[in-house]
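There are 2 protein chains.
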Amino acid sequence: MTDHPQPAEELRAAITSQDAEAADLCIEELASADSVRAVLRLSDNDQSQLMTMLPNDHAASLLEELPESEAANLVSHLTADQAADILNEVNSDEQADILSRLSAADAEAILREMEPEEADDARRLMQYAGDVAGGLMISEYLSYVESSCVEDVLSDLRNHAADYARYQVQYAYVTAQDGPLVGVLRLRDLLLSKPGTSVSDLMIRDPESVNLLTPLRDLEQFFDRHPYFGVPVTDANGTLVGVVRQNAVLEASEELASQTLLKLTGILGGEELRTMPVRLRSFRRLSWLSINIVLNIAAASVIAMYQETLEAVIALAVFLPIISDMSGCSGNQAVAVSMRELSLGLVKPSEAFRVLWKEASVGIINGVTLGLLLGVIAFLWKGQIALGIVVATALAANTIIAVCIGGCVPLLLSGLKQDPALASGPILTTITDMCGFLLVLSLATAMLQWLV
Amino acid sequence: MTDHPQPAEELRAAITSQDAEAADLCIEELASADSVRAVLRLSDNDQSQLMTMLPNDHAASLLEELPESEAANLVSHLTADQAADILNEVNSDEQADILSRLSAADAEAILREMEPEEADDARRLMQYAGDVAGGLMISEYLSYVESSCVEDVLSDLRNHAADYARYQVQYAYVTAQDGPLVGVLRLRDLLLSKPGTSVSDLMIRDPESVNLLTPLRDLEQFFDRHPYFGVPVTDANGTLVGVVRQNAVLEASEELASQTLLKLTGILGGEELRTMPVRLRSFRRLSWLSINIVLNIAAASVIAMYQETLEAVIALAVFLPIISDMSGCSGNQAVAVSMRELSLGLVKPSEAFRVLWKEASVGIINGVTLGLLLGVIAFLWKGQIALGIVVATALAANTIIAVCIGGCVPLLLSGLKQDPALASGPILTTITDMCGFLLVLSLATAMLQWLV
Numbered sequence: 001m002t003d004h005p006q007p008a009e010e011l012r013a014a015i016t017s018q019d020a021e022a023a024d025l026c027i028e029e030l031a032s033a034d035s036v037r038a039v040l041r042l043s044d045n046d047q048s049q050l051m052t053m054l055p056n057d058h059a060a061s062l063l064e065e066l067p068e069s070e071a072a073n074l075v076s077h078l079t080a081d082q083a084a085d086i087l088n089e090v091n092s093d094e095q096a097d098i099l100s101r102l103s104a105a106d107a108e109a110i111l112r113e114m115e116p117e118e119a120d121d122a123r124r125l126m127q128y129a130g131d132v133a134g135g136l137m138i139s140e141y142l143s144y145v146e147s148s149c150v151e152d153v154l155s156d157l158r159n160h161a162a163d164y165a166r167y168q169v170q171y172a173y174v175t176a177q178d179g180p181l182v183g184v185l186r187l188r189d190l191l192l193s194k195p196g197t198s199v200s201d202l203m204i205r206d207p208e209s210v211n212l213l214t215p216l217r218d219l220e221q222f223f224d225r226h227p228y229f230g231v232p233v234t235d236a237n238g239t240l241v242g243v244v245r246q247n248a249v250l251e252a253s254e255e256l257a258s259q260t261l262l263k264l265t266g267i268l269g270g271e272e273l274r275t276m277p278v279r280l281r282s283f284r285r286l287s288w289l290s291i292n293i294v295l296n297i298a299a300a301s302v303i304a305m306y307q308e309t310l311e312a313v314i315a316l317a318v319f320l321p322i323i324s325d326m327s328g329c330s331g332n333q334a335v336a337v338s339m340r341e342l343s344l345g346l347v348k349p350s351e352a353f354r355v356l357w358k359e360a361s362v363g364i365i366n367g368v369t370l371g372l373l374l375g376v377i378a379f380l381w382k383g384q385i386a387l388g389i390v391v392a393t394a395l396a397a398n399t400i401i402a403v404c405i406g407g408c409v410p411l412l413l414s415g416l417k418q419d420p421a422l423a424s425g426p427i428l429t430t431i432t433d434m435c436g437f438l439l440v441l442s443l444a445t446a447m448l449q450w451l452v
Numbered sequence: 001m002t003d004h005p006q007p008a009e010e011l012r013a014a015i016t017s018q019d020a021e022a023a024d025l026c027i028e029e030l031a032s033a034d035s036v037r038a039v040l041r042l043s044d045n046d047q048s049q050l051m052t053m054l055p056n057d058h059a060a061s062l063l064e065e066l067p068e069s070e071a072a073n074l075v076s077h078l079t080a081d082q083a084a085d086i087l088n089e090v091n092s093d094e095q096a097d098i099l100s101r102l103s104a105a106d107a108e109a110i111l112r113e114m115e116p117e118e119a120d121d122a123r124r125l126m127q128y129a130g131d132v133a134g135g136l137m138i139s140e141y142l143s144y145v146e147s148s149c150v151e152d153v154l155s156d157l158r159n160h161a162a163d164y165a166r167y168q169v170q171y172a173y174v175t176a177q178d179g180p181l182v183g184v185l186r187l188r189d190l191l192l193s194k195p196g197t198s199v200s201d202l203m204i205r206d207p208e209s210v211n212l213l214t215p216l217r218d219l220e221q222f223f224d225r226h227p228y229f230g231v232p233v234t235d236a237n238g239t240l241v242g243v244v245r246q247n248a249v250l251e252a253s254e255e256l257a258s259q260t261l262l263k264l265t266g267i268l269g270g271e272e273l274r275t276m277p278v279r280l281r282s283f284r285r286l287s288w289l290s291i292n293i294v295l296n297i298a299a300a301s302v303i304a305m306y307q308e309t310l311e312a313v314i315a316l317a318v319f320l321p322i323i324s325d326m327s328g329c330s331g332n333q334a335v336a337v338s339m340r341e342l343s344l345g346l347v348k349p350s351e352a353f354r355v356l357w358k359e360a361s362v363g364i365i366n367g368v369t370l371g372l373l374l375g376v377i378a379f380l381w382k383g384q385i386a387l388g389i390v391v392a393t394a395l396a397a398n399t400i401i402a403v404c405i406g407g408c409v410p411l412l413l414s415g416l417k418q419d420p421a422l423a424s425g426p427i428l429t430t431i432t433d434m435c436g437f438l439l440v441l442s443l444a445t446a447m448l449q450w451l452v
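Chains W and L, in that order, give the protein sequences. The numbers in UniProt numbering rise by one with no breaks, and the one at position 173 of the first sequence is 173. The numbers in UniProt numbering rise by one with no breaks, and the one at position 231 of the second sequence is 231.
Careful: at least some of the hints might be erroneous.
Said to hold, decoys possible - Residues from chain W that keep clear of chain L, each with C-beta distances beyond 12 Å, as calculated:
no.	residue
1	THR79
2	ASP131
3	GLN384
4	TRP450
Stated by the list, open to error - Between beta-carbon pairs, the in silico distance windows are:
no.	chain 1	residue 1	chain 2	residue 2	range
5	W	ASP206	L	SER287	45 to 55 Å
6	W	ASP81	L	PHE353	37 to 47 Å
7	L	SER287	W	ARG123	33 to 43 Å
8	W	LYS348	L	SER147	36 to 46 Å
No lab work stands behind these hints, which were simulated from the structure alone. Keep in mind it's a predicted model, so treat the numbers as computed, not measured. We put the CB at the ideal spot given by N, CA and C, even for glycine.
Model the full assembly from the supplied sequences, consistent with the hints where possible.
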C-alpha cells in the first residue's frame, strides 16, 4: 500500500481536473476502508462526478463497499440512466438494498433503465425486508436439471467460466424437470467423479433449504448448525429462487450488533455517520432526547414534592444524584447481559422469572455492599447515624430494584416483539431515578426527627 | 425439530440414569442454540458426566459450540485423560482457545495426554493471542509441492476424502521444495484442467498472505478487499504455517462487538453469562461499580461546596439531576457514534479535531433547543426569569461540552492504545456531572440576588 497523506484531497483534485484515470487509480490504490473514508468526505456533487468518471464496474464495487445509507444517497444524486448503468454491475442483494432506500418514484425510474433481467431480480428481492432470507439472498447461482450428467455440468462451467467468476460458486443446485429443488452438488464431488455419472446419482438429496420469509435469527442458527457456505431459498412451490450466503448472514448480524449500540443511546434508526448533514444528525438525536427530558422531569418532580424535607436536610441533595446514577449503572449492566444472552440465543423471552431470580441474587450482594459503603461515607461526613441509614437503605433497595428491572425489561420487550435496544434504557432510568429519589426522600421524611 | 418443553430436564434425567444413548440422542435432536442452553443449565458435575457419556466427536462438537469461557470451565472439571480424548477431535483454533483459558499446569497435563501431532498444533497456536492471525488460524489445510501435477492432487484428494471432510477445503496451497509458499490452487481450476497439467502452471502465483502477528482489524480489512474464503499465514521464512478462514474473522469481530456492549456498562472482561456463579458475576460487576461510586462522590462534592446557594434556592435541587442526566445522554450518543465509526474504520484516532468540529455543530443546535425548553419550564414553574436563565444556560453549555468530549474521548483512548469501550462512559459521565453541577450552582450563586 503506498502512502497517501490526504487521499480525499488527491481524489478531489482528480475530480476537479476531470482526470478520470487519476481518480480511478487513486481509488484502486487505496485499501477499501480508506477509499470509503475518502469518498464519504467528498461533497455530494463531487461524489456524483466521481461515479460517472469511473468505469461502471469500479463504480459498482465502490458502491458495494459504502454503508447502505450513503450508497443510496449517492445514487439519488445521479441521473436514472447513470445509476442504472452502475447498478447493473452490483450484486443483486445489494441492488435491492440500495433501491429500497430510495423514494418509490426514483427507484422505479432507475429500474426502468436497468437491464430487464437485472431489474426483475432487484424488483423481486425488494419485496422482502433486509432481515429475512428473501432480502438477504442473491440471484447469482448455478442450477442444472437432474437429467444432466457430470460432463454437461463441467462443459457448462468451462464455457461460462468468465460469467461465473462473480458467483463465488461453491455448490450447484439440481432441480426437477418441472422446477422444484431436488438436490445439491458439491464442486469437490464433481472433481472426484467420472464424466458420465448422472448428477442425480452424485447430488445430496432432500437438501436443507429455507423459505423467503425465514428471519435472520433462524438463518444464524442454521449456519451455526451447518458448516455450509450457502443455503438455497425456495418459494411456496419448492422452486429454487435464490441462495443466502453465510457471509451475508454474518455481515447482517455484525451490522445489527453495531446498530444496537447506537439505538441504546437513542439515535433514531440506529444509524448516524458524521458525513451526514448536521440537520439530520441533530434531528435523529433530538427526537429521543426530547422524550428523555420529559421522563427526567417526571422523575425530578418527586424531588419537588419533598422540598421541605430537602430544605431541612440539605445534605440529601448531594446524595440524590449519586444514588440515582449508581442504581442506573447497576441496572444497565443487567440490561447489557440480557441483550447479549438474547442475541446469543441463551435466554428466551418466556424465561423472565429465571432472570429475575438470577439478578436478585447479584442485586442483593452488590446493593448491600454499595449501600454500606455509601452509608459509612455519609455518616463520616456529617456524623449522623440516621443519615448513614437513610443513604445505605435507599441505595441497597434501589440497586436490587434496578438490576431486577434491568434484567427483565429486554426480555419483556422482546416477548412483545418490540426492539429491546430502543426502549430498555429509558424505561430503566426513569424507574430507577423515581424510585431512588422517592426512597431517599420518603425515608428521610420518616426519620426527620433524627436528621435535623 | 421435535418439541422439547424442557430439554435441560430431559438431559438431566438421561445423565442421572446413566443412559448414554438417550443423552446423545437428546443433544443431537436439539438445535445448536437449544443444546448449548440446556448444557449450560446443568451442574458442573452433570456437565462432566455428560461429556464422558457422549462419543468423543459429539462431545467435541458440543464443546466447539459453547462460549469459550464455558467450554474451558467444563474441560477443567474433566480428568486430563478424558479432556485430551475430546480435545483431539476439536479444530486446532478452538483447541488453543480453550487450553489458553486453563491454568498452565492443567493445560500442560492435558497436552501431554493428547495425540502428539494435535498437541504440537495446539501448543503452536497457544503462543498467539486470540485477536491475531496466529491465534485465529487453523492447521488443517492442504498443501502440495510445486512439482506435483493435477493427477497427483486429485488422487490424494480421492484417497483421503474422509480425512479432508473436516478441512472445509476451498483452496490447496503450493509450496517450493524447500518450504516457502509459492502459490494457491482453486478447486474449480482443478475441475477444468487436464490431469497432466503441472500445479505450478495452474496456481495463482505470489498469493496474498498474512503473518502470525497480523491483527484482527487488518484481517477484517483484508477480507473486506478480497472475496476469499481464507488467507494463508506464513512465518518469518515465508513457510506456510496455517490458514485463517474468513468465517473465523467474522465470528471474532461479531464476538468483539457484543462484548463491547458489556464493557461499556463496566462488566469486567466483557463477559458474563447468567450460568456463571453468583460470586463471580457479582465481583465482575462490582469492580467497576466501586470505581464509579468514587467518581460519583467526586462529582457530587461540587454540590456540597454550594450548599448555601442550594439552601437559598431549593428549586435548584430539582434541576441538578435533570441537567447532569440529559448532558450524559447527549454525550453518550456522541460516544456511540465514535465507537461505531472507529469499528467501521471510518475515522482515525488522529482525526479528533474533525470530530470535535462535527460534534460542536450538533451540540450547539441540540444544547440551545433543550436549554430553551427546560428554561421555559423552570420559568413557568416558579415564575422567575432568573431561574429560567440559569437552567437554560447551564443545560445548553453542558450539552455542548458533553457531545464534544463524548465524540473525542473514544478516539483519544484508541490513539493511546486503550480500549475505548471500557473507559469512555465513566470519563464522560464524571466530567458532565461535575460541569453540570458547577454550571448550575455557580451561575445561581452569581445571580443569587434575583433568585431569592
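Tested hints:
W:THR79, annotated as away from the interface, keeps every beta carbon of chain L farther than 12 Å; the closest lies near 28 Å. A cut-off of 12 Å between C-beta atoms confirms that W:ASP131 is not in contact with chain L; the least separation is 15 Å. Consistency note on W:GLN384: stated as away from chain L, and its beta-carbon is indeed over 12 Å from all of that chain's, at 15 Å minimum. Residue placement check: W:TRP450 keeps its beta carbon more than 12 Å from all beta carbons of chain L (closest about 20 Å).
Separated by about 53 Å at the C-beta atoms, W:ASP206 and L:SER287 satisfy the suggested range of 45 to 55 Å. Taken as a hint, the range 37 to 47 Å holds for the pair W:ASP81 and L:PHE353, whose Cβ atoms sit roughly 40 Å apart. Range check, L:SER287 to W:ARG123: about 55 Å between beta-carbon atoms, so the 33 to 43 Å window is missed. Checked against the hint of 36 to 46 Å, the C-beta distance between W:LYS348 and L:SER147 comes to roughly 57 Å, which is inconsistent with it.
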